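Engineer: Model the placement of chain B on the given structure of chain A, informed by the hints.
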Amino acid sequence: MSEEQKVAIIACAGMDKSLGSVARACAFKVVEELRSEGSVLVCIPPLVAGVKPHSEWIKEYPIITIDGCSERCATKIVARIGGKIRGRVFIPQSVQKHGLKPKASADIGPEGEELAEKIADETALLVDKILRK
Amino acid sequence: MAIVKDKVGVVSCSGEDLPEGTISRIATRIVLEKLRPNDTVTICLPLFLAGSEDERAFARVFPTIAIDGCDKRCAEVGTKKYSGKPVATIVVSEIMQKYPYLKAKSRGKLSAKEKELALKVAEEIAAKVDEVLERKKRGDSN
Numbered sequence: 001m002s003e004e005q006k007v008a009i010i011a012c013a014g015m016d017k018s019l020g021s022v023a024r025a026c027a028f029k030v031v032e033e034l035r036s037e038g039s040v041l042v043c044i045p046p047l048v049a050g051v052k053p054h055s056e057w058i059k060e061y062p063i064i065t066i067d068g069c070s071e072r073c074a075t076k077i078v079a080r081i082g083g084k085i086r087g088r089v090f091i092p093q094s095v096q097k098h099g100l101k102p103k104a105s106a107d108i109g110p111e112g113e114e115l116a117e118k119i120a121d122e123t124a125l126l127v128d129k130i131l132r133k
Numbered sequence: 001m002a003i004v005k006d007k008v009g010v011v012s013c014s015g016e017d018l019p020e021g022t023i024s025r026i027a028t029r030i031v032l033e034k035l036r037p038n039d040t041v042t043i044c045l046p047l048f049l050a051g052s053e054d055e056r057a058f059a060r061v062f063p064t065i066a067i068d069g070c071d072k073r074c075a076e077v078g079t080k081k082y083s084g085k086p087v088a089t090i091v092v093s094e095i096m097q098k099y100p101y102l103k104a105k106s107r108g109k110l111s112a113k114e115k116e117l118a119l120k121v122a123e124e125i126a127a128k129v130d131e132v133l134e135r136k137k138r139g140d141s142n
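As given, the protein sequences belong to chains A and B, one line each in that order.
Mapped onto my numbering, the consecutive letters of the first sequence carry residue numbers 1 to 133.
Mapped onto my numbering, the consecutive letters of the second sequence carry residue numbers 1 to 142.
The following block holds chain A by itself, in its conformation from the complex (with noise of 0.2 angstroms):
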């Protein structure tokens, strides 16, 4: 393992498309269970309000973005803050992929369950490759 133990993830986490509450479902299972010792989560609000330790982790680790739809959130906040992106997974992209669809915002259902962990295990993955290097 490299000199760099751990892996920020970002989600977007964004409340009006179930697709970002897919992102958030994603970051969960990647910090809490996949990759818990190589990854942390950081969240947006803290991160742009200036809270500690999300503004220092942004400095610290690379970073691996999450983004549940077009207007790329986490990735354009992260790329203002100047923070370095080794890695970027796009929820939309996803759904062609696996074919499943979360159900609301509130509430994703098993395919958007389902879906979370289909790319919680890639983004693990991602974690990986980018420790290694």
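Any given hint could be a false lead.
[Said to hold, decoys possible] Label pairs and their calculated CB-CB ranges:
#1 P110/A / R138/B: 33 to 41 angstroms
#2 I85/A / D54/B: 24 to 32 angstroms
#3 E32/A / V41/B: 40 to 48 angstroms
#4 K136/B / Q5/A: 51 to 59 angstroms
#5 G108/B / H98/A: 17 to 25 angstroms
#6 L125/A / R138/B: 27 to 35 angstroms
#7 R60/B / K118/A: 34 to 42 angstroms
#8 R60/B / R132/A: 41 to 49 angstroms
#9 R132/A / D130/B: 49 to 57 angstroms
[As the list claims (entries may be wrong)] Some, not all, of what chain A presents toward chain B, calculated at C-beta under 10 angstroms:
#10 L34
#11 G38
#12 V42
#13 P45
#14 L47
[Claimed, not checked] Calculated cross-link-like contacts (lysine-lysine; reagent style PhoX-like; alpha-carbon spacing at most 25 angstroms):
#15 K115/B / K105/B
#16 K103/A / K115/B
#17 K34/B / K103/A
#18 K34/B / K101/A
Quick caveat, the hints were computed from the structure, so don't treat them as lab data.
Predicted, not measured: the structure shown is a model, and the values here were computed from it.
Beta carbons: idealized from backbone N, C-alpha and C, even for Gly.
Structural biologist: Below, chain B alone, put in the same frame as chain A:
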């Protein structure tokens, strides 16, 4: 002629850091979808913070209530910084003190108790929406 109905913007912290953030998010959806669907709209906080002019313009024109999970008050701070001061802020961790038997433990799926807590918070938000609209109707700007 179209009549534009007064609406209240509800800006919820996206709540990934603490379980209280998940409660704020679900409570906001309950208000938008069930309790006050005709009186409220949400502003997507990440989009707002990323610089969407539409979202920011809305918060300058319409009254906005910030729903924060904890006393860091990120939704309130963000709204104030990029648009205008929210007319009210509801902090989930403060409401929870009224219901000590309802704990927020999960950042993901909510338990029955957590759903009950989300509903309590939603009811407080709905009451605040009514209050804001009533004030607006009376022509009270504050």
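Engineer: All hints, please: hold or fail.
Structural biologist: Hints versus structure:
1. At roughly 47 angstroms, the beta-carbon separation of P110/A and R138/B lies outside the given 33 to 41 angstroms, and the hint is violated.
2. For the hinted restraint 24 to 32 angstroms between I85/A and D54/B, the CB-CB distance of approximately 25 angstroms keeps it satisfied.
3. For E32/A and V41/B, the hinted distance range of 40 to 48 angstroms is not satisfied, since their beta carbons lie about 32 angstroms from each other.
4. Take K136/B and Q5/A: their Cβ atoms lie about 52 angstroms apart, and the range 51 to 59 angstroms holds.
5. A beta carbon spacing of about 20 angstroms between G108/B and H98/A agrees with the range 17 to 25 angstroms that was offered as a hint.
6. Look at L125/A against R138/B: about 58 angstroms separates their beta carbons, and that is not inside 27 to 35 angstroms.
7. A C-beta distance of roughly 40 angstroms is found between R60/B and K118/A, which places it inside the suggested range of 34 to 42 angstroms.
8. Here the CB-CB span from R60/B to R132/A is close to 47 angstroms, well matched to the stated 41 to 49 angstroms.
9. A hinted range of 49 to 57 angstroms for the beta carbons of R132/A and D130/B is consistent with their spacing of about 56 angstroms.
10. Because the beta carbon of L34/A sits about 14 angstroms from the nearest beta carbon in chain B, more than 10 angstroms, this interface hint is broken.
11. The interface hint given for G38/A is broken, as the beta carbon of that residue sits about 18 angstroms from the closest beta carbon of chain B, more than 10 angstroms.
12. With its C-beta approaching chain B no nearer than about 8 angstroms, V42/A sits inside the 10 angstroms limit, and its interface hint holds.
13. At a threshold of 10 angstroms, the smallest CB-CB gap from P45/A to chain B is about 3 angstroms, leaving the interface hint in force.
14. A cut of 10 angstroms between beta carbons decides the hint on L47/A: the least distance to chain B is about 9 angstroms, and the hint holds.
15. Proposed proximity of K115/B and K105/B is supported: the alpha carbons are some 11 angstroms apart, at most 25 angstroms.
16. As the CA atoms of K103/A and K115/B are separated by approximately 18 angstroms, the hinted pair is consistent with the 25 angstroms bound.
17. Taking the CA atoms of K34/B and K103/A, the gap is near 17 angstroms; set against the 25 angstroms cutoff, the hint holds.
18. Restraint check for K34/B and K101/A: satisfied, since their Cα atoms lie roughly 23 angstroms apart, inside the 25 angstroms limit.
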